[in-house]
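**Student:** Residue numbers (our numbering), protein chains in the order written: chain A, 1 to 231; chain B, 1001 to 1324.
In short, the hints are calculated from the structure, not lab data.
We treat Cβ as the ideally placed atom computed from N, Cα and C, and that holds for glycine.
One or more of the hints may lead you astray.
In silico DSSO-like pairs for lysine-lysine, Cα to Cα no more than 27 Å straight-line [unchecked claim]:
{"id": "1", "chain 1": "B", "residue 1": "Lys1082", "chain 2": "A", "residue 2": "Lys149"}
{"id": "2", "chain 1": "B", "residue 1": "Lys1107", "chain 2": "B", "residue 2": "Lys1260"}
{"id": "3", "chain 1": "B", "residue 1": "Lys1082", "chain 2": "B", "residue 2": "Lys1302"}
{"id": "4", "chain 1": "B", "residue 1": "Lys1082", "chain 2": "B", "residue 2": "Lys1025"}
{"id": "5", "chain 1": "A", "residue 1": "Lys149", "chain 2": "B", "residue 2": "Lys1260"}
{"id": "6", "chain 1": "A", "residue 1": "Lys149", "chain 2": "B", "residue 2": "Lys1107"}
{"id": "7", "chain 1": "B", "residue 1": "Lys1082", "chain 2": "B", "residue 2": "Lys1019"}
{"id": "8", "chain 1": "A", "residue 1": "Lys167", "chain 2": "A", "residue 2": "Lys208"}
{"id": "9", "chain 1": "A", "residue 1": "Lys210", "chain 2": "A", "residue 2": "Lys167"}
{"id": "10", "chain 1": "A", "residue 1": "Lys149", "chain 2": "B", "residue 2": "Lys1019"}
Here are some, though not all, of the chain A residues that point toward chain B, as calculated from beta-carbon distances under 7 Å [stated by the list, open to error]:
{"id": "11", "residue": "Leu16"}
{"id": "12", "residue": "Ala56"}
{"id": "13", "residue": "Leu61"}
{"id": "14", "residue": "Phe64"}
{"id": "15", "residue": "Ile107"}
{"id": "16", "residue": "Ala114"}
{"id": "17", "residue": "Thr141"}
{"id": "18", "residue": "Lys167"}
{"id": "19", "residue": "Glu168"}
{"id": "20", "residue": "Leu172"}
{"id": "21", "residue": "Asp183"}
What follows is the residue order along each chain.
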Amino acid sequence: MLDTTREVEVPEGITLELPIAGYVSRALAFIIDLFARGAIIYIFYWLIMIFGDFGAGIIMLIIFFVEWFYPVLFEVLWHGQTPGKRAMELVVVNDDGTPIDWSSSIIRNLLRFADFLPALWGFGAISMLLNRDFKRLGDMTAGTLVIHKQQTIVPGKRDRVDGLAPKESLTLDEQSAIIAYADRLNRMSDARNRELAGILSPWLDQSKLKANSESAVTQLSRIAKWLRGHG
Amino acid sequence: MRQEEFELRYNPQWNEFEKQIQLAKGSWRKRKQHSLTLNGFADNYRLLCYCLSLARERQYSPQLIQRLQALVFSGHQTFYQKRSGLFHRIYQFILVGFPRAVREQSKFVWTATLIFYLPALTVFFITLLFPELVYSVIDPDSVARIESMYDPSLNHIGRERQSDTDFMMFGFYIKNNIGIAFQSFAGGILATLGTLFFLIYNGVFFGAIDAHIINIGYQQTFYAFVAGHSSYELTGIVLSGAAGLQLGWAVIAPGNFTRKQALVNAGRSAMSLVYGAIVLLIVAAFVEAFWSSSSSITPSVKYWVGLAGWLFIILYLTLAGRRV
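One chain only, chain A, in its complex shape (with noise of 0.2 Å):
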């Protein structure tokens, strides 16, 4: 499948779907993070500029800390996110899936500088671009890879309705595919819902169409129903 999902198989003898993100999200989540830090440093500035050179000196540390490890302490307390990988639903994880640890997560990072050159993150576009992992120079020498946080789709309220047997049988891609639509009903404009559902309207009981007492969008979550095992 031409796709941007990375397989990775566990130890339990399963595969893990991981999906890549991309530039979009990616500069999305760092434009986030540079407001961020740059709050930060802000904030600390104002609290701190009180005690003189003294005060001066923390500045100098905290902006030191902040450039260089902002995005660690981030992605290793805080499950592999940054707050603009957090906004975007963004994670970082090592190329086998697990959590990203302090050293990974500390070359990647070290590494952004790199990546910057020579001008405005240069090197790091061309890296993402040259690999089909999207990684820049510091997530390849980390052996990390940043992919989409995989959300848990709470499925609609199915329709009360009866099951229908199909007319004919179903090959198993064909019966997946009405299940599939059934589910995603409730995350579609009932528009989009209704045109779907003419494509297969020809196949569907002409009778009831005509008469408008069942409209194919209902016959078709009857039938997914059916196939799902309620006869």
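Once you've looked at the hints, dock chain B against the given chain A.
**Tutor:** Frame of chain A; chain B shown alone:
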């Protein structure tokens, strides 16, 4: 088995596992209160993996598969996280790991030493012979500023100091020096070019300044100032350079590995040198800010302390951690 029966049968276990993951991710205090519910975590995880492969094989709905997959992913992340024990590891690293890493990577450490000190010495001697050469290496404003820092007719050395200025300079040295060390390491990934630039540039800079100070006769104040922290700072610069060279060399000559794998390996082992360089540069910043600048200590004491520093660094890196 139809999908709905399948869900009905295993849902309790899935829900229990979901709660266990929440618990394992939470704070240890929370975990203490419910220690019992983490029992059977591994069994539930295996069951879940089994359910996921069944669901895929039987082509159950994408929603179900995705739910199981998200659960397996969190389970995987929880089950295979690495233990840290941070303080013990730092202690072990300083006592054993770091000096060993330096000796293991001696090839890169010596190369970095040469690349740093050779230009430094060359420029140093040339500038001694041709004093005006310093202006072609460093711009006149900076030269004038550095001259004023080490002017023996003034009471202070280094920069002008009030009581709490020391701490400000500590912050400055940390930010500046360790920042440069990080850049010189990271630049190594560009086939060592970035590292070469930082090592040679800093070497030439130090050589030219050193010779210029001797030419204008300020050596007493200058050497008294730099003696204390020179050992830690210069070694820190060289070691971060060595780490960068190691990274770049993995790109140039990956050996029997793919370039990507060689880079990952080199990154892992180069990090020991980087961590060590950070420790050395923190020590250097501390000494530079609170010891080197103090004008109440006589220069001869500072020279001896400086010498002791070099002796300590050399003995530490060559002898420490040979027996455990």
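**Student:** Now tell me if each hint is right for this structure.
**Tutor:** So, going through the hints one by one against the coordinates:
Note on Lys1082(B) and Lys149(A): the hinted pairing holds, with a Cα-Cα distance of about 20 Å set against a maximum of 27 Å. Only pairs whose Cα atoms come within 27 Å are accepted, and Lys1107(B) paired with Lys1260(B) is accepted, the gap being roughly 22 Å. Our distance criterion of 27 Å between C-alpha atoms is broken by Lys1082(B) and Lys1302(B), whose separation comes to about 45 Å. Restraint check: the Cα-Cα separation between Lys1082(B) and Lys1025(B) comes to about 13 Å, which is no more than 27 Å; the hinted pair holds.
Our distance criterion of 27 Å between C-alpha atoms is met by Lys149(A) and Lys1260(B), whose separation comes to about 25 Å. At roughly 42 Å between alpha-carbon atoms, Lys149(A) and Lys1107(B) are farther apart than 27 Å, so this suggested pair is violated. Taking the CA atoms of Lys1082(B) and Lys1019(B), the gap is about 21 Å. The hint holds against a cut of 27 Å. The hinted pair formed by Lys167(A) and Lys208(A) meets the criterion: a straight-line CA distance of about 14 Å does not exceed 27 Å.
Between Lys210(A) and Lys167(A) the CA atoms are separated by roughly 18 Å; this keeps the pair inside 27 Å, and the hint holds. At roughly 19 Å between alpha-carbon atoms, Lys149(A) and Lys1019(B) fall within 27 Å of each other, so this suggested pair holds. Evaluation of the Leu16(A) hint against chain B yields a held restraint, the C-beta minimum of about 6 Å falling below 7 Å. Satisfaction of the interface hint for Ala56(A) is found here, the shortest Cβ-Cβ separation to chain B being roughly 5 Å, below the 7 Å cut-off.
A least Cβ separation of about 5 Å between Leu61(A) and chain B falls short of the 7 Å threshold, and the interface hint therefore holds. With a least beta-carbon distance of about 4 Å to chain B, the hint placing Phe64(A) at the interface is held under the 7 Å criterion. The closest approach between the C-beta of Ile107(A) and any C-beta of chain B is roughly 5 Å, which is under the 7 Å cut-off, so the hint is satisfied. Evaluation of the Ala114(A) hint against chain B yields a held restraint, the C-beta minimum of about 4 Å falling below 7 Å.
Below 7 Å, beta-carbon pairs count as interface contacts, and Thr141(A) has one with chain B at about 4 Å; its hint therefore holds. The beta carbon of Lys167(A) is not positioned within 7 Å of any beta carbon in chain B (closest approach about 20 Å), and the interface hint is therefore violated. A hinted interface residue such as Glu168(A) counts as satisfied when its beta carbon comes closer than 7 Å to some beta carbon of chain B; here the least separation is about 19 Å, so the hint is violated. A hinted interface residue such as Leu172(A) counts as satisfied when its beta carbon comes closer than 7 Å to some beta carbon of chain B; here the least separation is about 5 Å, so the hint holds.
The interface hint given for Asp183(A) is met, as the beta carbon of that residue sits about 5 Å from the closest beta carbon of chain B, less than 7 Å.
Hint check: violations occur at hints 3, 6, 18, 19; the rest are consistent with the structure.
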